[in-house]
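J.: Each chain, letter by letter, is given below.
Protein chains: 2
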Amino acid sequence: MIEDKTPQRTSIAQLGEFGLIDHLTKNFEITQPSTLKGIGDDAAVLDFKEKKVVVSTDLLIEGVHFDLAYMPLKHLGYKSVVVNVSDICAMNARPTQITVSIAVSNRFPLEALEELYEGIAHAAQEYKVDVIGGDTTSSQKGLIISITALGEADENEIVYRNGAKQTDLLVVTGDIGAAYMGLQVLEREKQVFQVNPNSQPDLDAYTYLIERQLKPEARKDVRTLLHALEIKPTSMIDISDGLSSEIMHLCKQSGVGCNLYEDKLPIDPQFINVCEEFNIDSTTVAINGGEDYELLFTIAMEDFEKIKGNPNFSIIGHMTQESEGIHLVTRANTKIPLKARGWDAISE
Amino acid sequence: MIEDKTPQRTSIAQLGEFGLIDHLTKNFEITQPSTLKGIGDDAAVLDFKEKKVVVSTDLLIEGVHFDLAYMPLKHLGYKSVVVNVSDICAMNARPTQITVSIAVSNRFPLEALEELYEGIAHAAQEYKVDVIGGDTTSSQKGLIISITALGEADENEIVYRNGAKQTDLLVVTGDIGAAYMGLQVLEREKQVFQVNPNSQPDLDAYTYLIERQLKPEARKDVRTLLHALEIKPTSMIDISDGLSSEIMHLCKQSGVGCNLYEDKLPIDPQFINVCEEFNIDSTTVAINGGEDYELLFTIAMEDFEKIKGNPNFSIIGHMTQESEGIHLVTRANTKIPLKARGWDAISE
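Quick note, the sequences are listed as chains A and B, same order.
Just so you know, we're using UniProt numbering here: the first sequence kicks off at 1 and counts up by one.
Just so you know, we're using UniProt numbering here: the second sequence kicks off at 1 and counts up by one.
Any given hint could be a false lead.
Since copy identity is lost for identical chains, a pair holds within one copy or between any two.
Stated by the list, open to error - Restricting the straight-line Cα-Cα distance to at most 27 Å, the calculated cross-link-like pairs of lysine-lysine (BS3-like) are: (1) Lys49 <-> Lys232; (2) Lys252 <-> Lys26; (3) Lys128 <-> Lys26; (4) Lys339 <-> Lys26; (5) Lys190 <-> Lys51; (6) Lys141 <-> Lys51; (7) Lys232 <-> Lys264; (8) Lys306 <-> Lys220; (9) Lys264 <-> Lys49; (10) Lys128 <-> Lys49; (11) Lys264 <-> Lys165; (12) Lys49 <-> Lys252; (13) Lys264 <-> Lys252.
If you are wondering where the hints come from, they were derived from the structure by calculation, not from laboratory data.
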């Protein structure tokens, strides 16, 4: 299923730790004015002037967060950056720098790490973040990636999770659920491949879903879009852990309740088809799936006219008094208490 | 050799990821004025005002960087913070915040993680750094700790690796080599314990060495000491990877050579005794050992009088023209080219 892209195998040990870092990072360029000193000293030096600094960090572990059987290393490098940049975007801030640390077992040749860093470099370029530091070491098992992302914003631009008001509208960007079904398709193909390594999978019907899983993008455009619409969200969060669990976070931290409308959930036609094919309820996946690097936010009711009909945004519900609780209003107009179950829910 | 400190075992899975983070971080207090928002949103928010920001990151892997057979979890937590804070100190900056990410296999009960975080909290308090974020996940094997440290400094205070001049003096803080020999003692006791679990080791003769290995401290005091002496180093680096390899870094990045004097190396009497006991050459260990979280820096010759005789600092050499190379001048007054060999060198 994956082609052997490493006909040449150079042992990492040949380079040594410092040689390895130098080799992997030699093409990284510094583009942010806030980066005074990047890789090459005990620490990087940054100057954010009057801006506030936003910091987030994520750890990605082989066998837990990704499976190299269907995740090409270049895509993995790209996605690792996206995952972190998404958290910065969820603060309504502008991503500026990342540090990248990796630990690898000796089964990885240098060429594999080069691919990984190619993906990292590509994402860094796409999202205009400088790679300013990191650490490279050996692991006992598998590949481990730890990224810390920094961003900047004016103080009055930053949006927290705790600002949602009782009558606010609940809005989500893009569409949801596709990344989860992309993973299901890949898992199925992996099993087919294990039984018959000569099978040629036809994945045309799944391209969008697979791309959402293997090459997600962070919504760095949302900050600009909202700014142009003159909307400042009252609260915001990224929905990588699944819509329902993130709604629970917003509600808990803001002290409000919520009604989420099933018929308003933005889902892709390909997603619906594949849910039918897998015989899974599409709403369950849409609200619990996760790994859609979209943003969830609340806006004041007065901003309704500004956002209505905008193809980038879907109004999926509204906030309520805390005592009313958090509910999904189904197509049949039944109110079901929402549970933050995440991925586990779907496989039950 | 280590007592069982986890008679009570609570499975991590019972808490879930968010419950786990909440539980482990609930006692962390925010003390830095630059921390506007710590744990609890997509990202932390910081305000460094006119200060420059210094960022460093390290990844610690069980079986590679530490061995839980003799490293108590509380000490490991403490040391993980120290390792990162040391890099901030090596920029002549003041550590202010850290993010802490951990991945653990399910063999770790909650009580083990509580111990780890107790050590982290203790170090955070000692070094006055706020824990502002992190990630908690499962690993396929062992314990993985990833810490990113931030610090602040005025622009003119920051000291890089590349500012050493040809006639500068080379200075090191504290003493060197002890951490490496502490590790040798612990490794030996581990082997004894494996053969005879009932043996009661008498480690009195090794307390200093073991403490240097298990509970090192970062030299956050050096910034204050130098400030009081009105000395600004021309270059600085932390020597966690071993004195010789760090001297090579300073020389390479500053474009100078160096003479290091064997008879000036600051070593502890206990260290000398144990080197004799192990039949290892003390100079070889002192210059290649590593894990001494001391600082190495260069100062202008004019500053000699200010630092002479100060018990915190040892003048161990002087810089030269680049073309003269990098040498160790032995007690017998022989010049030997210095090699950046790190730990491997000793076991050869």
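J.: Under the constraints set out in the numbered hints, which ones does this structure not fulfil?
T.: Numbers 5, 6, 9 and 12, in rising order.
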